[in-house]
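Asks: Just add 1 to the spot in the sequence shown (first one is 1) and you have the numbering used here.
No lab work stands behind these hints, which were simulated from the structure alone.
Remember, predicted model here, so these are calculated numbers, not experimental data.
A hint or two may mislead.
Stated by the list, open to error - Keeping only pairs whose Cα atoms sit at most 30 Å apart, straight-line, the calculated BS3-like set for lysine-lysine is:
| no. | residue 1 | residue 2 |
| --- | --- | --- |
| 1 | Lys50 | Lys70 |
| 2 | Lys180 | Lys70 |
| 3 | Lys370 | Lys296 |
| 4 | Lys3 | Lys110 |
| 5 | Lys301 | Lys366 |
| 6 | Lys371 | Lys301 |
| 7 | Lys31 | Lys3 |
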Amino acid sequence: MKVLLEMRPALDGHAGIPQETRLLFRGLAKLDGVEVEGLIQSSTLVLAKGLPTTLPGRFSLRRALPLDKQINRLSRVVVSLIHSVKPSRVERVVYAVQVTLATVMLLAKTLLGMRQPLSRFDPTRFRDFIWRSLFAKTLPYEDFESVTHRNFRIAQVPWMVMHVTALITRKFGHALYPKLDTRGFDLMIAETPYPGTVLSGTRMVVRYHDAIPLLMPHTISDRSYHQASHYNALRRNIEDGAWFACVSEATRRDLIEIFPQAEARSLTIYNMVSHHYFAEDSPADRIPDIIRTRKNTSVKMPSGTSIRGLDHPAGGLPLQYLLMVSTIEPRKNHLTLLAAWEQLRNGEFPNLHLVFVGSLGWDHKGIVKKLRPWLTRGGLHMLEDVPSGELRQLYRHASVTVCPSFGEGFDFSGVEAMRCGGVVAASDIPVHREVYGEASEYFSPYSAGELAQAVRKMASAGAEPRREELRQLGAGMCARYLPERILPEWAAFLAKMS
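Based on the provided sequences and hints, a complete structural model is requested.
Replies: Here's what the structure looks like:
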């Protein structure tokens, strides 16, 4: 079976969907009878054209490209994938022209019933780029050969342009989605509802992570666009007969509540936990140095900001801290955890620290404003770009890893903490109950008091029996998400699709 896997999310971020994309590509590459290729497409950038997908025939007037021109084409693809952090005025103008032309061409081809070509990217001379841009943030070096020797396809038109074109044409009575030239592929796996269609010989599978843009639109950025693009692409995928591989049963229930007709074409295959996370003996006295080294530099702080308590924890004991690993955005519920931590600091845990690991997401300014007094005073720490080896230590030695989100599709952080021998407290939402089972303490995401009480049960003097019980339960629970448990489910599903 030949599978085309959308790699767009892997171009950005460390955890969540980007991590799942890398792990799924790696996993599919290991399955017998499966030949996987990656679809490289940018969310916002127009990409250069890659190589032809077929060689010239015997009687063709088209000649094979000489090596220097092949390298030039592929090198231009690499350049087109690199976005300037601070584009110049000329770059902004060029970008605007490129996007406008891409939109016009996309619309014209779709109206004429033409396919959107997928050119070929040969990684032979560009393995450094493939590895570092798509895989290195998640996979160990041992996977280098496996993933960089695979073939890739290039979709020149930006993913966002495909969505916007459909939303614009919908206002005139019918949303137009382009048809990708997926000749030769039995299956295309998209990581979110995909704004396009495939040829009749290819089956579409949507890796469905969550229905948050529809059920919790107030918690997402650019609400109008993301809600509309998610709904309309999802509806079109369903109408076209796509299958849905949901990351949790809670997500699947949400999907079939909205679209009952998808029930027969949906199943649950859980996310895979990265093999970077496992229990190991590591010294707790390394934690202060990790916190100091990985401080989030995106948050501007006055000089002389306190790190009181890091170098000399109370009584010479290991640093006591709560850990939360998540992007800084409203849906993740940092502020309820902050309020609970303040209660604990003002009570029986005066030396308890709070550690947030994650990049700044949408609408983060209001959250950071609430955190800033403690960032200045000391006791609260924001970290970024924490390598998996160090994150493994943070999970291991945290008093509690807290997962307080209002809504999730899966939530990796609790599973990763359990893999590392840590203990977890999570918001009482359906997906957490499903994914973490009995291996967590639960609290209402709306109650700082309940969250504080959950921490007390796990961090107070005399709580070690309960902590040990949760460690044992967690070790069994998180084993469900190891690649060796999940990949056979993918293999069975793909066999059903063949």
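Asks: With the threshold set at 30 Å, check whether the alpha-carbon distance from Lys50 to Lys70 stays at or below it.
Replies: holds, 12 Å
Asks: Given the hint that Lys31 pairs with Lys3, test it: the Cα-Cα distance must not exceed 30 Å.
Replies: Distance of about 13 Å is within 30 Å: holds.
Asks: CA of Lys3 to CA of Lys110, is that 30 Å or under?
Replies: Distance of about 26 Å is within 30 Å: holds.
Asks: Take a quick look at whether Lys180 and Lys70 sit within 30 Å of each other, Cα to Cα.
Replies: holds, 28 Å
Asks: Tell me if the straight-line CA distance from Lys301 to Lys366 falls inside 30 Å.
Replies: holds, 12 Å
Asks: Take a quick look at whether Lys370 and Lys296 sit within 30 Å of each other, Cα to Cα.
Replies: Holds, at about 17 Å.
Asks: With the threshold set at 30 Å, check whether the alpha-carbon distance from Lys371 to Lys301 stays at or below it.
Replies: holds, 14 Å
Checked against the numbered hints above, the structure breaks none of them.
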